[in-house]
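There are 2 protein chains.
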Amino acid sequence: MKHGGDLLTYENQYDGELIDFSSNINPLGPPNGLNEVLIKSFKEMTTYPDIKYRKLKTSISNYLNCPIENVLVGNGAVEIINNFIIRAKNVIVCTPSFIEYEERAIAHGKQVRKIPYKKDYTIDIEALKNIKENELLILGNPNNPTGFRIPQDDLINIYNLVRKAEAFLLLDEAFYEFCPKDYDSIEIFKKYDYEGVGIIRAATKFFALPGIRLGYGCTCVEKVREISKIELPWSVNTLADAAGQYIFSHKEYINKSKDYIAIERKFLFEELSKIVGIQPYITHTNYILIKLEKWDEEYVFNFLLKRGLVIRKCSSFKDLDDKHIRVAIKDRANNVRLVEALKEL
Amino acid sequence: MKHGGDLLTYENQYDGELIDFSSNINPLGPPNGLNEVLIKSFKEMTTYPDIKYRKLKTSISNYLNCPIENVLVGNGAVEIINNFIIRAKNVIVCTPSFIEYEERAIAHGKQVRKIPYKKDYTIDIEALKNIKENELLILGNPNNPTGFRIPQDDLINIYNLVRKAEAFLLLDEAFYEFCPKDYDSIEIFKKYDYEGVGIIRAATKFFALPGIRLGYGCTCVEKVREISKIELPWSVNTLADAAGQYIFSHKEYINKSKDYIAIERKFLFEELSKIVGIQPYITHTNYILIKLEKWDEEYVFNFLLKRGLVIRKCSSFKDLDDKHIRVAIKDRANNVRLVEALKEL
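So the sequences go chain by chain: F and B.
Once you know that position 310 of the first sequence is 310 in our numbering, the rest is easy, because the numbers rise by one and skip nothing.
Count along the second sequence from 1, add 1000, and you get the number used in our numbering.
The set of hints was computed from the structure by calculation and includes no laboratory data.
All values reported here derive from a predicted model rather than from experimental measurement.
Take these hints with a grain of salt, some might be off.
[Stated by the list, open to error] Facing chain F, from chain B, some residues (calculated, C-beta under 7 Å): (1) Gly-1211; (2) Arg-1213; (3) Leu-1232.
Glycine included, every Cβ here is placed at the ideal spot set by N, Cα and C.
Please construct the entire structure, taking both the sequences and the accompanying hints into account.
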């Protein structure tokens, strides 16, 4: 199982509704009023989406506070990442990370260089110094499954290394809004006109819309043009297009979600820290990587599945062993349920 | 403008609602009851679509009457075509045809060999005899923009040529259901277990859902496996997944649509044939390619735009000159409107 969120595979193994801790979705769900917006857009399903996504890009440009000519959209963040990879000479991934960085590179016949994260899951900047021209360095920020966000100074250092080498830095910030307020990469790199850098975000996680498939991002005009030559036409569907013209203006929902996750992150982390035999890693986002000191992932997975909880086994991240699991931060009732179940272990 | 259906570009040039003759969508719209199905599936937008699309593929397998292990799905037919192209050594396109065959090949750095259709837009089978190992021959069946469907005997001959060369035949049958009942490629190639052939269809045209993005197809098990390694995860969104589990069982709608188009095809073709200065080509589907004898496409396009009708200029198909336009077959009232406007020319 390369990805979380695959409840269908397990639905016959538990008598009741499964709780999904394996995919990291905002527990508050999508903004209010979205269903009505989608219903209104049904009539547009019988025509093609705007092939240039003019209204959608305007909405994203306002939300990200970046010029519209720097905006990219795609069928989920993964499609945009895929398009960057197609254009790269080869790809550098820091491991462990989202498996698709490597998988997409392999799909397009690109060489993959792996640079392991350090023991504490910070980036090995020293090892990045040999980056070469046209290489694409992909970094999760925060990274998945470790939950670690790159400190601002490190990010600037990495960017300077990448620029000097005439390589390219791709930041996957699909979980950006869940993070404590620190810096905004889109703001930071604006003064460079996003030369040599791409920042990808998505409606998937924070806006709780994995099914609608809406990824977006921001990069230099030259790269936007390059990617426009290879991206699939009409890759964002009509309903995702309509959703993207609606959700980003919901400031109250956005702030409420951030506050909610901050409180639950603190609660779940502290509770997990008290449980003997497991060790949660510090996280900046809405999921927690856990080291299993006494059991392997399979045992813990099945133990929790019997209790209706589906978590993420982490050996599927390839560069993690079977002594790690990842859990989403959900609403309080479910977080308590997870903690109680883990205490029973 | 590489594609039809881009009304947004022209909306300020006409005071009223534009009628879209530039994209070829079933004028009866989608099957009844679809909106209710989509509304019910809204709650599933907050989880990922089934990454294996088990229920969707079951529905498609029933509709196509082929084994489920031969079924492919994608974000529109164009994504599936794209995946075949990624795996090919190089690509053969017969011209003129849907521009994306060539564009996708270029995007992935594949060489493109062009074999022009004959003067009457039948396939130059003689010229196909030099097809080589691992080449991907893409044929529109019926072809876009010519509207010509490959006769069954020719199709078998072409398949035999392709198999002998150990090449691969990809049939783009996005307009299949609009055609007069003759043969079903999926039935024909079943006895070969779809070795060396892929057949692509879509909800886009016949089910009038270009905005929902649902393509599907059928190929040999080996190719399904090969493509599964490179296709994007979750490429079909939740609502397209739900739609695909619903629309194909609507036999009455399907038959009604076929009959409707057959009648309007006959009507529009006959009416267009009477107009001096234009020459419609024989078509097997729901659009008509027209040769302009007295004007160029730009003049006719603007003439019709002033009357609220958007047609397709055909020089954008690259291998057609500016003396051709393509019009969709729509409902009677709109077809009459088109005929009347063209008479005024």
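To see whether the hints hold, each was checked on the structure:
1. Taken as an interface hint, Gly-1211/B checks out: its beta carbon lies about 3 Å from the nearest beta carbon of chain F, inside 7 Å.
2. Interface hint at Arg-1213/B: satisfied, since its Cβ lies 4 Å from the closest Cβ of chain F, which is below the 7 Å cut-off.
3. At a threshold of 7 Å, the smallest CB-CB gap from Leu-1232/B to chain F is about 6 Å, leaving the interface hint in force.
In summary, the structure agrees with every hint in the numbered list given earlier.
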